[in-house]
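A.B. asks: Protein chains in written order, with full-length UniProt numbering: chain B, 1 to 352; chain E, 1 to 352; chain X, 1 to 352; chain Z, 1 to 352.
Just to be clear, a hint being listed does not mean it is correct.
[As the list claims (entries may be wrong)] Straight-line C-alpha distance at most 25 Å; calculated PhoX-like pairs for lysine-lysine:
id, chain 1, residue 1, chain 2, residue 2
1, X, LYS278, Z, LYS67
2, Z, LYS150, B, LYS278
3, E, LYS323, E, LYS121
No wet-lab data here; the hints were simulated from the structure.
Because the structure is a prediction, the values reported are computed rather than measured.
Protein chains: 4
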Amino acid sequence: MLVVMKAQATPEEIQAVCDQITRLGFRAHPLPGAQRTAIGITGNKGQVEAGSLEELAGVAEVIAVSKPYKLVSRDVKADNTVITFPGTNATIGGRDLAVIAGPCSVESREQVFAAAEQISKAGAQFFRGGAFKPRTSPYAFQGLGEEALKLLAEVRERYGLRIVTEAIDTEALELVDHYADVIQIGARNMQNYSLLKAAGRKRKPVLLKRGLAATLEEFLMAAEYVMSEGNYQVVLCERGVRTFADHTRNTLDLSIVPAVQRLSHLPIIVDPSHGTGKRNKVLPLARAAVAVGADGLMVEVHHSPDKALSDGAQSIYPEQFSKLMDECSQIANVVGRNIPRGIEVTETAAVR
Amino acid sequence: MLVVMKAQATPEEIQAVCDQITRLGFRAHPLPGAQRTAIGITGNKGQVEAGSLEELAGVAEVIAVSKPYKLVSRDVKADNTVITFPGTNATIGGRDLAVIAGPCSVESREQVFAAAEQISKAGAQFFRGGAFKPRTSPYAFQGLGEEALKLLAEVRERYGLRIVTEAIDTEALELVDHYADVIQIGARNMQNYSLLKAAGRKRKPVLLKRGLAATLEEFLMAAEYVMSEGNYQVVLCERGVRTFADHTRNTLDLSIVPAVQRLSHLPIIVDPSHGTGKRNKVLPLARAAVAVGADGLMVEVHHSPDKALSDGAQSIYPEQFSKLMDECSQIANVVGRNIPRGIEVTETAAVR
Amino acid sequence: MLVVMKAQATPEEIQAVCDQITRLGFRAHPLPGAQRTAIGITGNKGQVEAGSLEELAGVAEVIAVSKPYKLVSRDVKADNTVITFPGTNATIGGRDLAVIAGPCSVESREQVFAAAEQISKAGAQFFRGGAFKPRTSPYAFQGLGEEALKLLAEVRERYGLRIVTEAIDTEALELVDHYADVIQIGARNMQNYSLLKAAGRKRKPVLLKRGLAATLEEFLMAAEYVMSEGNYQVVLCERGVRTFADHTRNTLDLSIVPAVQRLSHLPIIVDPSHGTGKRNKVLPLARAAVAVGADGLMVEVHHSPDKALSDGAQSIYPEQFSKLMDECSQIANVVGRNIPRGIEVTETAAVR
Amino acid sequence: MLVVMKAQATPEEIQAVCDQITRLGFRAHPLPGAQRTAIGITGNKGQVEAGSLEELAGVAEVIAVSKPYKLVSRDVKADNTVITFPGTNATIGGRDLAVIAGPCSVESREQVFAAAEQISKAGAQFFRGGAFKPRTSPYAFQGLGEEALKLLAEVRERYGLRIVTEAIDTEALELVDHYADVIQIGARNMQNYSLLKAAGRKRKPVLLKRGLAATLEEFLMAAEYVMSEGNYQVVLCERGVRTFADHTRNTLDLSIVPAVQRLSHLPIIVDPSHGTGKRNKVLPLARAAVAVGADGLMVEVHHSPDKALSDGAQSIYPEQFSKLMDECSQIANVVGRNIPRGIEVTETAAVR
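Bound conformation, chain B alone (with noise of 0.2 Å):
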């Protein structure tokens, strides 16, 4: 159920209804648009029962959303949902693309420095880098863990760079939530609904990526997990699904973009490195991504691909980086969007 408010209404009466909607033994998710705020209901109670709704003050009505998601739903909400970084130029999900940029994970000091020079020359706003990795093998090197986080924040202190890493679980989502400005929920944690809503439990946007076997229903839905516990900043990301083809290591969907985008009110973001697993097809397949009309894009940059210690083959070299930088601001601005170069910091130590 949505309650629409009149465009008058005032936020006593917005207050009014969430607490009626409260009382009902429901949740009210108040969600504001550019012309009126539409309240969400929420809760797994049963129908609310709308007469005690519509005759509030400044309700203009209540109506039934007949889709699985709600909050998700650009039928609760008309607007895009753009996610903004107090005290900087960086948004996510308005006419600026967010690129986020940076190795696999974070191997050393001396080598988040290093990405991290290039990445803020490039001009990107956002830098990532793994603290804990989740791999196949449990021999396999797993994250640094809190000594990565704190490098990372090292990195924005110096850099200015927003900070964007997975948190795997409920622990390191603390951690997470702690040093970084992103949380990252990775593709195989995509329907860990234990670590969705402890997430949605935050208040730091959550980057969702897309699971390997995904529908776009379930995609939503993961979403809708984190935004049913408060957290209405949710951002997606596809990074390719499992098929049958072999040329790269996953298939990248990238109709999905506009899938999304008629669907919901969400930023989506596309992740070519991941999406395809070699380095030659990441430039090709980001200013595709790009021209679809994908909100941002999430690309592994090492300067040292050969000797990283997690997905060499898929990272590029910071001059393809240079490279991608250029090639995908020109085309963002055929398709009326633009790449900001550089990130602006306003105020700093007391953003935190």
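Given the coordinates of chain B, assemble chains E, X and Z onto it according to the supplied hints.
C.D. replies: Chains E, X and Z alone, transformed into the frame defined by chain B:
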């Protein structure tokens, strides 16, 4: 690396090798076989130096294991792993097939006991029922939690049936470990490595379901995660994979049964309920699973499927389950196996 | 549309209805059943007008068929189609299972006769062997053509085995129709509609293999193409589909067997050789196919697989085939079926 | 095997090498390059003996080609294949992108000319329209056949547009070869080897669509079938593959574009209409295809899609096509390519 002990090696010699492995900074996994004990060595500090182990008393040879899965591999343990349930005649992985039956979710005392009564009568030894349900929608029924676990424990008390139920996160794991006999890890969590490792630190057997898009190697590596933490009682379960085919909910991949048995000593069972998602396909595919050589079956049975809170469409009626037991028994005999009828509990309360 | 005749309708009344259908510009397909005859109506000139048919003598009712497949559907013919081979005891689709065995390709007289000798001894009734091979590479062995067909005909002469062999195009179809007993259409040609229609104009049974990525509906529609031309003797064959799974060459989808049997009256058999691509998987999956209820098996047997010019890795040895026959016979009995041992030829030369 | 001729080799020397190859029982395929001519050798009589060729006049070296595809490979021809259409400025495979547009099927003179008028105005150089339609159902509209081909020829006469249309069997091939400029082989026929070989004996360019479940290697091998018969003008076309994803009819696999370009000298274009099956996805995916580096586009345009006899849901409106041309032109420029606007016909009737 793998240390193969001489047939006549003493427990002290075995212990001394384990101690030396630990001193070198690795983990030792003694795996007794019919003829002799092998000691698996795991850790991610690079290769162990064979020299320091080869000279120890009782050591026959030190060999490198080239496969990515170590403890899971038949190279490390040639004999089939047979899991026993002390105080009962139930086993998984031996000549007897393990049949696990019950409703998708535990919904109420009446429902659980009605199902258990009939399942017990039909001769199954294991009872399943979800206490924690991983649902695609945050608004769908999520299971009764600990209340359900208590009901399951009562079922064991009354019918002797051993309890199999899913742990969806580390919190649920503690409870499942407390109340149940087998800890199930669901398909969606097959690569939730934190959960796998936590289950590896328990001493109850772990039933690991294949992920929807998991390759054979990834499936075995997930089991390796559990084993690497010291829990060697892992049962694999094929439950269908995701393909383009739309006449069943998933595509049941029975060929993985002989494939697993060739590479690993671990038992593998089949779940034709999730594997097909359709009541009328469960019986034929159950027969096929036994014919292909599976070590057991996991089947959803509901006394009133049309009223089930989850997965009603794939649950069979109790009378269909009796027929399944009969037909599968006969097929088991053709392939040199046996479906025991009924559990015998020789010791009771003391067990737990 | 479907005209259901009264149980006591005379042949003349049936013919009169067919004539009227033809006059209306459609095609009539009389399909005799156990109780009464139904007459399928096909054509692409829109809907037939029921009124002009309902009033004809002997007509019970005229009903619309809403499924896209008409003649293939159980709605049109409730009883299973049983294909007979006049002059022999061989059938496909009845209580007896059809076992089709032989080498992938016909390579030489010695090879064919060595295989036929052992296959005949093991009790199969049908012999397979490729004369025309659809190979991925234009430079690979393409089959011996008519020379191979002549050898196959000699095998029938000597051992009584009925011959199944593939027609890869309309030219080959003429030859196969001349020499063989069953015309095979391969997986790659499942949607080669011109070939399907040409096969539909022949009067020999057609064995239609499922395409690598064919849905159930597409598979049935391919059979509909054959039937729409008047050849109602179609045998479907599951031979594995293409998925991400890499432990077998294809993923054998046994669930399609009960799915086909529910919707269609046509027999369906299983090919575990192409379905797995691995010798050590053929026997277990053959057992599973019988257990799931398949109407027969198609198996590659080569007296010396390592020297085979094609598909050696998936061909089993003659002694493995004997074992397969024994185990599958026992499983057939469990599911109320029978594997006849050996073909009995009561009339010979005159047949052709 | 591949004979690389010296840069200064004379036509007579090249011919002498070809003759010697023929004498040895193989087929010679002279493939002129920018620097020098290479001569591919094919046949299935085993390896050619290099010695007898190496000593001939003009031969630089004889090298073995280890890949299964030979003539298709960049090893054999380093420069991109550029297909020209004599008497026009149209090309496929050069700097200019080829845009092929038109209705799914030719339905009537009015429909075809209405579409052609607008497509011509928007600047495309190629016109598509099915005369023979491979339909899943035998009762669906199968195309107007030769009548359609004549209308297409009239379109060429009037607008200059070069005609691309599908040949579904060898009979249709003769007609298509007679009336059209490019012979299309559809996805369902990608492994119809008889048809591929027949097309290989024609001299018109062949547009080969990727099969629904074709790997990269199988796709290239299908092209090799055409080339092995002497027709070296092959254009590959990605049109989506079949996966579990259900938000589009097929999953468009754009990563195959750079993958093909790396391994082969043949041009590859993209069909976003079949690749997505949804009108609202055609424009974004067309942009993405150009951005990824495709050599052209194939797009379904219908002046009144809701009335289309086939594939209406994926056909775009003429005004959407104009927009597509504009946006794709700009993206083409970013990647160093160009979309020519309009076809220039310098010679006319005489050409055919």
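A.B. asks: Among all the numbered hints in the text so far, which are the ones the structure does not match?
C.D. replies: 2
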